[in-house]
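Asker: Residue numbers (my numbering), protein chains in the order written: chain H, 18 to 381; chain C, 3 to 416.
Be careful, since some hints might not be right.
[As the list claims (entries may be wrong)] Quick list of in silico lysine to aspartate or glutamate cross-link-like pairs, DMTMM-like style, CA-CA up to 20 angstroms: (1) LYS170(C) <-> ASP363(C); (2) LYS134(H) <-> ASP273(C); (3) LYS253(C) <-> GLU236(C); (4) LYS128(H) <-> ASP403(C); (5) LYS253(C) <-> GLU345(H); (6) LYS240(H) <-> ASP326(C); (7) LYS161(C) <-> ASP175(C); (8) LYS134(H) <-> ASP116(C); (9) LYS161(C) <-> ASP116(C); (10) LYS128(H) <-> ASP221(C); (11) LYS134(H) <-> ASP403(C); (12) LYS31(C) <-> GLU349(H); (13) LYS128(H) <-> ASP326(C); (14) LYS31(C) <-> ASP156(H); (15) LYS134(H) <-> GLU42(C); (16) LYS240(H) <-> ASP273(C); (17) LYS128(H) <-> GLU236(C); (18) LYS134(H) <-> GLU236(C).
[Said to hold, decoys possible] To give an idea of the interface, some chain H residues facing chain C are shown, with a C-beta separation under 10 angstroms as derived from the structure: (19) THR86; (20) PRO136; (21) ASP208; (22) PHE234; (23) GLN236; (24) GLY252; (25) ARG253; (26) GLY257; (27) ASP272.
For the record, the hints were derived by calculation from the structure and aren't laboratory data.
Even for Gly, the Cβ is constructed at its ideal location relative to N, Cα and C.
Here is how the chains run, residue by residue.
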Amino acid sequence: MPTVVRVCTDRDHWFWRRVAGVGHWENWALGELVNVGETVGGAVGSAILDGYIGETRGFRVPVTGYELTHLQMLEAEAVHIFREVAAEFERPALLFSGGKDSIVMLRVAEKAFWPAKLPFPLLHIDTGHNFDEVLAFRDRRATELGARLVVGSVQAAIDGGELTEDTRPGASRNQLQTPVLLDSITDNRFDAVFGGARRDEEKARAKERVYSFRDEFGQWDPKNQRPELWSLYNGRHRPGEHIRVFPLSNWTELDIWRYIAQECLEIPSIYYAHSREIFERDGMLLAVTPLTQPRVGEVVVPRQVRYRTVGDITCTGAVESTAATVDEVIAEVAATRITERGATRADDRVSEAAMEDRKREGYF
Amino acid sequence: MAELLRVATAGSVDDGKSTLIGRLLFDTKSLFTDQLAAVERTSRERGDGYVDLALLTDGLRAEREQGITIDVAYRYFATPRRSFILADTPGHVQYTRNMVTGASTADLALLLVDARKGIVEQTRRHAFLASLLRVPHLVLCVNKMDLVDFDREVFEKIKEDFRRFAAKLEIVDVTTIPVSALTGDNVVSRSPSTPWYDGSSLLHHLEELHIASDRNLIDVRFPVQWVVRPRSEELQDYRGYAGQVAGGVIKPGDDVIVLPSGLTSRVAGIDTYDGPVDEAFPPMSVTVRLEDDLDVSRGDMIARPNNQPTVGQDLHLMVSWMVDAPLRRRARVGIKHTTRSVRAMVTDVSYRVDIDTLHRDEAVDSLGLNDIGRIALRTTSPLCYDPYRRNRNTGSVLLIDEMSGTTLGAGMIL
């Protein structure tokens, strides 16, 4: 069994495998051979194969004794789910927000259909209150993949008078995403929508199936879910109904980060520690932005922070952190004693069942 | 990096299951302070005398209000050696359906007995379902050992009782561990209170258990899930068959047969996004290319000419029935088997198994909600299958209501 090494640089990947016998590595894409211990790479980065990998990020995936690592098993399961849905549904779409879970989900989707392109478009529900870095990233990724990007705009729905914005202090556009999402699904006649939600995120999610059925109003009925057995997914549905599919159901926050490291995935810079003007509200650290301004009595101070989740600016808090690299984030996540939503999401703090209530109405 | 172990557990609060799970989560640092604080707050508000860890995943409003667990709950924890997915099923009504669901993907079934009570009806039911679903490993935790003064005699008697019962079932690997979930004895580390016990602690056992050989690495089975055709300029002629390996080890150069057509070819290569591989085995998701341009589509099965699954339309199954409307002879159902969907008619309801006594009731002519029984089916077109005991992937089927789309039951091919 060859050991596959991927060397990642800022710009490119190479794939290497050990040639039968000892002492050589082959780049299967370029047909190059190198000796063990030899430095490879170009202007962007370099690496030494077998053992030490320097300067650039790199990793090895040994596949020996017919065993897979747990990330490989989770990935194989998710790839299977993607292919099942693509085969059994007419018009799937993948929800891509530019957040870390959807970035991981997108990579797994790429793997599922490689070397062909994704057989479905990307869908983003833009609240109009997103981080600029995240939107730029979203557009670039879609272009790279040659994927069609469908954007459902909350701002457009407000401007067009279809939605009324709650302008009281502290209100967010989180609730407004649901009607826009449902309209986007109806308008595009999507019958399956992939989401990056995980069961470890939130307790209402913990009970949700991989294939989560929604009626013609987009509603979720948690007490009436189909049992899911083995890896046999039942995708039967009637016209007008659709399913939400969660290929990463069994992944944890730490798995997501380890996968980001393993795959050398680029993620928006706000996931890493940076300095920001911050004020505290209800125990959350909020950034000073045109949309989130401190009230009287709230003190603004510069702090080293990063985001654990990336949602709407108005309801996503930062955490204090010095983790500036993937490895440092992994170490931080492994040691943290607070769940990611507990630390950073005002939208989940409304009540114990806030997520369930939103999901019942058709939320992500 | 660590591998993955899927554990199914079932039972009620009384036997200390929540306490045991809570301890595993807590001691592996998988329980977060905000989760614990929320659970403590709710327990206090409800006036519970203890912190009810079931509240950690009883996230649905109805569950919180009624203090019951409605559904299978998945919990995740990891140690440096392994990652674990725990499917925790409630011990009340609809219990069989949920336990069957949880056990269908499990590597290990975790059963608890109260040391003061010994083997009870529920233990026998759990063990039977674990054996029916062919969960490869079973751990019997004799809990509340602290309440019987860590008496070796008590433990040995329960172990022997269970051994005698399990002999009637097809359970391959049973491990019995004396524990106290409340005090933590033998949960994470070996307890000084049981010097007579020479086995591992529960967590150590879960970490070290050898599961790699549980998969079928002998019979090559590759259900075609999706045909990869890039239709781009550089890859005009590329045609690959994507799927998850359901059995055996596939290598480039292998002679293969495509079923049910019977056409033969040879494996030209096995592709993944991360590069070609020399071997593919379960549960890898890969793309197989063949040397010849054959008509292969979703639902076909790739196997070896000298080792083929049964191709047929008459199936005998053990089924777990999951809906109120009874299953009767002549019922028409949809079938999903590997990547193939067909229709079928129930030609016979042979018997119902009393899951408490294991007695076969042959007088019945239907199966109701949560019943387990044997039936026969005739499908509209052939399936390529193996007995469930030989391969869980190619021996399992879903029974589906053609009208509503509901999953009616789970079937294991005999």
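Asker: Does each hint fit the structure? Answer for all of them.
Answerer: Hints versus structure:
1. With a C-alpha separation of about 17 angstroms, the suggested pairing of LYS170(C) with ASP363(C) holds against the 20 angstroms cut-off.
2. With a C-alpha separation of about 15 angstroms, the suggested pair LYS134(H) and ASP273(C) falls inside the 20 angstroms cut-off, and the hint holds.
3. At roughly 25 angstroms between alpha-carbon atoms, LYS253(C) and GLU236(C) are farther apart than 20 angstroms, so this suggested pair is violated.
4. Between LYS128(H) and ASP403(C) the alpha-carbon distance is near 33 angstroms, which puts this suggested pair outside the 20 angstroms criterion.
5. Restraint check for LYS253(C) and GLU345(H): the C-alpha separation of about 39 angstroms exceeds 20 angstroms, so the hint is violated.
6. This hinted pair checks out: LYS240(H) and ASP326(C) have alpha carbons roughly 15 angstroms apart, not beyond 20 angstroms.
7. Annotation: proposed proximity of LYS161(C) to ASP175(C) holds, straight-line Cα distance about 13 angstroms (limit 20 angstroms).
8. Of the pairs offered as hints, the one joining LYS134(H) and ASP116(C) is violated, with about 55 angstroms between alpha carbons and a cut-off of 20 angstroms exceeded.
9. Straight-line distance between C-alpha atoms of LYS161(C) and ASP116(C) comes to about 12 angstroms, which keeps the hinted pair within the 20 angstroms bound.
10. Proximity of LYS128(H) to ASP221(C) is assessed by CA-CA distance (about 26 angstroms); at most 20 angstroms being required, the pair is judged violated.
11. Annotation: proposed proximity of LYS134(H) to ASP403(C) is violated, straight-line Cα distance about 34 angstroms (limit 20 angstroms).
12. Distance check on the hinted pair: LYS31(C) and GLU349(H) sit about 13 angstroms apart at the alpha-carbon level, within 20 angstroms; holds.
13. In summary, the hint linking LYS128(H) to ASP326(C) is not supported, as the alpha carbons are separated by about 41 angstroms, beyond the 20 angstroms threshold.
14. For the given pair, LYS31(C) sits about 38 angstroms from ASP156(H) by alpha-carbon distance, which is inconsistent with the 20 angstroms threshold.
15. About 49 angstroms separates the Cα atoms of LYS134(H) and GLU42(C), which puts this hinted pair outside 20 angstroms; it is violated.
16. In summary, the hint linking LYS240(H) to ASP273(C) is not supported, as the alpha carbons are separated by about 41 angstroms, beyond the 20 angstroms threshold.
17. A distance of roughly 18 angstroms separates the Cα atoms of LYS128(H) and GLU236(C); the hinted pair therefore holds under the 20 angstroms criterion.
18. With a C-alpha separation of about 13 angstroms, the suggested pairing of LYS134(H) with GLU236(C) holds against the 20 angstroms cut-off.
19. Residue-level restraint check for THR86(H) holds (minimum Cβ-Cβ distance to chain C is 4 angstroms; threshold 10 angstroms).
20. Against a cut-off of 10 angstroms between C-beta atoms, the interface hint on PRO136(H) holds, since the closest Cβ of chain C lies about 9 angstroms away.
21. The criterion of a C-beta within 10 angstroms of any C-beta in chain C is not met by ASP208(H), whose closest approach is roughly 13 angstroms, and the hint is violated.
22. Interface hint status for PHE234(H): violated, as the beta-carbon distance to the closest one in chain C is roughly 17 angstroms, over 10 angstroms.
23. Annotation: interface hint on GLN236(H) violated; nearest CB of chain C at approximately 14 angstroms, more than 10 angstroms.
24. Given the 10 angstroms rule on beta carbons, the hint for GLY252(H) holds: about 8 angstroms separates it from the nearest Cβ of chain C.
25. For ARG253(H), the interface hint holds, the least distance from its beta-carbon to any beta-carbon of chain C being 3 angstroms, beneath 10 angstroms.
26. For GLY257(H), the suggested interface contact is broken, since its CB lies about 13 angstroms from the closest CB of chain C, more than 10 angstroms.
27. Using the Cβ-Cβ criterion of 10 angstroms, the hint placing ASP272(H) at the interface with chain C is satisfied: the shortest such distance is roughly 8 angstroms.
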